Amino acid sequence: MKRLKLVPDNTSFSFVKFRHIAVGLSVAVMLASVVLLFARGLNFGIDFEGGTVIEIATKGPADISGLRTQLGGLGLGDLQLQRFGEDNDVLIRIGTAHGASATDDTGQAAVKKVKDTLGTSVEYRRIESVGPQVSGELIKSATMAVVVAVALMFVYIWFRFEWQFGLGAVLALIHDVMATIGIFALLQMEFNLTTIAALLTIVGYSMNDTVVVFDRIRENLRKFKKMDLGELIDLSINETLARTIMTSATTLIALFALFIFGGEVIRSFTFAMIFGIFVGTYSSIFVAAPVLIAIGVKREWGSGALGRGKVEKKA
Amino acid sequence: MLHFERWKIALIALLTLAGFLYTAPNFLPKAALDEMPSFLPHKQINLGLDLRGGSYLLLQVDTASVTHDRLQQLVNDIRKALRNAEVLYTGLGVNGEAVTIRITKPEDVDKSLKAIRDLSTVVTSNLLSGGLPQRDLSVANSGGLITVTLSETAKVARAQSAIQQSMEIVRRRIDELGTTEPVIQQQGADRILVQVPGLGDPQRLKKLLGQTAKLNFRLVDTSTTAQQAMATHTIPAGAEVLYMTEDPTRPLLVQRRVMVGGDNLVDATPGFDQRSGEPIVSFRFDSTGARLFGEVTRDNVGKPFAIVLDNKVISAPVIREPILGGTGQISGNFTVQQANDLAILLRAGALPAPLNVLEERTVGPGLGADSIRAGTIASIIGSVAVIVFMIAAYGLFGVFANLALLVNIALIMGALSMLQATLTLPGIAGIVLTIGTAVDANVLIYERIREELRSGKSVIAAIEAGYHRALATILDANITHFISAAVLFELGSGPVRGFAVTLAIGVVTSVFTAFTVNRLIVATWVRRRRPKLLVL
Numbered sequence: 001m002k003r004l005k006l007v008p009d010n011t012s013f014s015f016v017k018f019r020h021i022a023v024g025l026s027v028a029v030m031l032a033s034v035v036l037l038f039a040r041g042l043n044f045g046i047d048f049e050g051g052t053v054i055e056i057a058t059k060g061p062a063d064i065s066g067l068r069t070q071l072g073g074l075g076l077g078d079l080q081l082q083r084f085g086e087d088n089d090v091l092i093r094i095g096t097a098h099g100a101s102a103t104d105d106t107g108q109a110a111v112k113k114v115k116d117t118l119g120t121s122v123e124y125r126r127i128e129s130v131g132p133q134v135s136g137e138l139i140k141s142a143t144m145a146v147v148v149a150v151a152l153m154f155v156y157i158w159f160r161f162e163w164q165f166g167l168g169a170v171l172a173l174i175h176d177v178m179a180t181i182g183i184f185a186l187l188q189m190e191f192n193l194t195t196i197a198a199l200l201t202i203v204g205y206s207m208n209d210t211v212v213v214f215d216r217i218r219e220n221l222r223k224f225k226k227m228d229l230g231e232l233i234d235l236s237i238n239e240t241l242a243r244t245i246m247t248s249a250t251t252l253i254a255l256f257a258l259f260i261f262g263g264e265v266i267r268s269f270t271f272a273m274i275f276g277i278f279v280g281t282y283s284s285i286f287v288a289a290p291v292l293i294a295i296g297v298k299r300e301w302g303s304g305a306l307g308r309g310k311v312e313k314k315a
Numbered sequence: 001m002l003h004f005e006r007w008k009i010a011l012i013a014l015l016t017l018a019g020f021l022y023t024a025p026n027f028l029p030k031a032a033l034d035e036m037p038s039f040l041p042h043k044q045i046n047l048g049l050d051l052r053g054g055s056y057l058l059l060q061v062d063t064a065s066v067t068h069d070r071l072q073q074l075v076n077d078i079r080k081a082l083r084n085a086e087v088l089y090t091g092l093g094v095n096g097e098a099v100t101i102r103i104t105k106p107e108d109v110d111k112s113l114k115a116i117r118d119l120s121t122v123v124t125s126n127l128l129s130g131g132l133p134q135r136d137l138s139v140a141n142s143g144g145l146i147t148v149t150l151s152e153t154a155k156v157a158r159a160q161s162a163i164q165q166s167m168e169i170v171r172r173r174i175d176e177l178g179t180t181e182p183v184i185q186q187q188g189a190d191r192i193l194v195q196v197p198g199l200g201d202p203q204r205l206k207k208l209l210g211q212t213a214k215l216n217f218r219l220v221d222t223s224t225t226a227q228q229a230m231a232t233h234t235i236p237a238g239a240e241v242l243y244m245t246e247d248p249t250r251p252l253l254v255q256r257r258v259m260v261g262g263d264n265l266v267d268a269t270p271g272f273d274q275r276s277g278e279p280i281v282s283f284r285f286d287s288t289g290a291r292l293f294g295e296v297t298r299d300n301v302g303k304p305f306a307i308v309l310d311n312k313v314i315s316a317p318v319i320r321e322p323i324l325g326g327t328g329q330i331s332g333n334f335t336v337q338q339a340n341d342l343a344i345l346l347r348a349g350a351l352p353a354p355l356n357v358l359e360e361r362t363v364g365p366g367l368g369a370d371s372i373r374a375g376t377i378a379s380i381i382g383s384v385a386v387i388v389f390m391i392a393a394y395g396l397f398g399v400f401a402n403l404a405l406l407v408n409i410a411l412i413m414g415a416l417s418m419l420q421a422t423l424t425l426p427g428i429a430g431i432v433l434t435i436g437t438a439v440d441a442n443v444l445i446y447e448r449i450r451e452e453l454r455s456g457k458s459v460i461a462a463i464e465a466g467y468h469r470a471l472a473t474i475l476d477a478n479i480t481h482f483i484s485a486a487v488l489f490e491l492g493s494g495p496v497r498g499f500a501v502t503l504a505i506g507v508v509t510s511v512f513t514a515f516t517v518n519r520l521i522v523a524t525w526v527r528r529r530r531p532k533l534l535v536l
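Same order as they appear, the protein sequences are chains B and V.
Position 3 (the first sequence) corresponds to 3 in the UniProt record's numbering; numbering is contiguous.
Position 257 (the second sequence) corresponds to 257 in the UniProt record's numbering; numbering is contiguous.
It is worth saying that the hints were derived from the structure and are not from the lab.
Keep in mind that a hint or two might mislead.
Cut-off 30 Å, straight-line C-alpha distance, at most; resulting in silico cross-link-like pairs (DSS-like, lysine-lysine) [to be verified]:
(1) B:Lys113 <-> V:Lys457
(2) B:Lys223 <-> V:Lys80
(3) V:Lys105 <-> B:Lys112
(4) B:Lys115 <-> V:Lys214
(5) B:Lys59 <-> V:Lys80
(6) V:Lys214 <-> B:Lys113
(7) V:Lys207 <-> B:Lys225
(8) B:Lys113 <-> V:Lys207
(9) V:Lys312 <-> B:Lys115
(10) V:Lys457 <-> B:Lys226
(11) V:Lys532 <-> B:Lys5
(12) V:Lys457 <-> B:Lys5
(13) V:Lys80 <-> V:Lys43
(14) B:Lys223 <-> V:Lys457
(15) B:Lys112 <-> V:Lys80
(16) B:Lys112 <-> V:Lys532
Selected chain V positions facing chain B (Cβ under 10 Å, derived; list incomplete) [as the list claims (entries may be wrong)]:
(17) Leu177
(18) Gly277
(19) Gly368
(20) Met390
(21) Leu444
(22) Arg469
(23) Ala477
Note that the coordinates shown come from a computational prediction; the quantities given were computed from them, not determined experimentally.
Ideal Cβ placement from N, Cα and C applies to all residues, glycine included.
Build the full structure now, drawing on both the sequences and the hints.
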């Protein structure tokens, strides 16, 4: 039977040769992300900005402009209406008034006004309302989570490998996180708590990828004590390339199924993860490994630590 | 790596069987579950609010108002104490976070200080003073101006008891709605988290929780009318203007003195008035309440009596005759639901302080059902695609990996059912993602085997080496994955937490299945077939 092979056997691309271009590209992407972040900002969802979202389903196709006129007169402040998935699905977003007090109940008042106006002619599919106090805390804990996750990864890699590997892995992670935030700023997709969940998943996935490459580098460092580091890294990446591509492929297959069939609610969540798989795969090859060349690694690896480097035969 | 001891095989088989057994209840109808023998697992996966529909509310107890109420009460106590001590004073009132009072005669100051100090009680709070008892009031004097403040310990103790009490009352009110499995938890210092699944109308829930429901009965001041008093700015001493619930523009002059309070109620039930047929709430007092109510109604026949809820007058009927039995009824042009809700509120008791809604997430049953459908379809399509892909890439070994994947899915669902973890929509995404990454362990192993084959090893040696060498890599890679899931769990609430749980379970089960189920299948195949040649 003919096997599907995404990567031919015994590849020998020179990834290291492209590292200057890759580093340039990565730095450019990161800079662009920062610029975008400050120039356009993120389209924060109510989790981080406070406010109210009401998803309604109308009978028959929704008349957005009609709804806008109906709700516009309520004095709700910043009001946005948009179609959400199906033709009869409408998302109503109401911002919080700036300078609202921590225990402000304006969100609840807004929900009541909308419900009083639209009555029972529509189905209320979802109501979310986050006060300014809670949203402030959510921003803090979300930022903390990403920082803590990255720090823990560094410590783990440092513990299992060497600090140079830890640094390479962390730089790759920072690259992935920044690029993902950048694409959210660029496309102005809603950035909310589930996006943070996606970011942390990307951190986990990208790390997973990086570790596989690093593991092979360490193994080869033991095997070929005299080989040039660039060559050795190229060899290691090539050896693990089939696995890298295969795993990315299966993960992407699953994620695309979610993106297409999983419904509107988690679309931005799955989008973030799909994007993250691409950058995560790229970064373990083109960011994490070149960092090792730049800062150098220890060449004196003892063999046999944890049974690696030689095959033990068990009867 | 290809040799398995008997007990290991038994253990793997047992765990796999357990996975399927614990997963099974999720696919059986309720009736079939009830008929199953009791030794079999019955638990179904707990669906999150975003899938089954329901409301998530984060409420904050207004502790500032608790303090304010206490200060207000202190003013009354001080007034009484100074009257008993026969002291002349001016300007008694709440001033910011303190009660201030000016003693008219300097020789009375010491006597007043003593009288006020006697009002203080001993409180303990483990949080601040390390359990040491402390007086709740601090009293300071500067030239006849006495300032009384609440100590920090007293405030904390009061806030804490207000939260405990609020939780109890919130629980009672929600229980009255007859929903299944509401979750009510304290969160942080002054917050209450409420999760009520499967509620059609969260508005009603919020309305029930949004009222403090302080009920009291007071006499109407008939010396003048409210309109007149407001027009001439001469509100009689001991009276205040309140508005009617029904018509918020209609004022009524009501005496401040509470004749009977809602805390004397023992029961309240909705019903219909026998003559007019309109919805009413009938109530019953405890013995103290009944006695007080009897006295008031006996002494005030022919006068209007205001029934006040949260400083709004529900109604002010005229007392026709003394009511001595301790029961009565409240009418106020209610709808049936209003009467129902009022009865619930009265039965459950008053909240010690208002609750503010800080965060609300409500998902209607329609969206929940849609999400389940979408999640299921995505999972099935995702799994099938991954299964086909694995077979295309690895042939027979792909089939082996898929068998392991099947066990993996059963283990995840079994673990979720057994642990009664909550499955949310992002949680389903976590499972689908796990299906994608679960094969990673197998891919690592198979790719390693391919490499070893290419380097000229025999089939068995290559398979041995593949499993052996991939192990450390797989562990390292998955531990990092697990770390990020753990961080996510710590950060997240609700749906996000559900995602973290499935992700973490998925990481553990996929490592397990790759190294047990898949390896066992491959080992069995190798032993039976003794392959000389392996095309992988």
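Hints breached by this structure: Violated hints: 1, 2, 3, 5, 7, 13, 15, 16, 17 and 18; rest satisfied.
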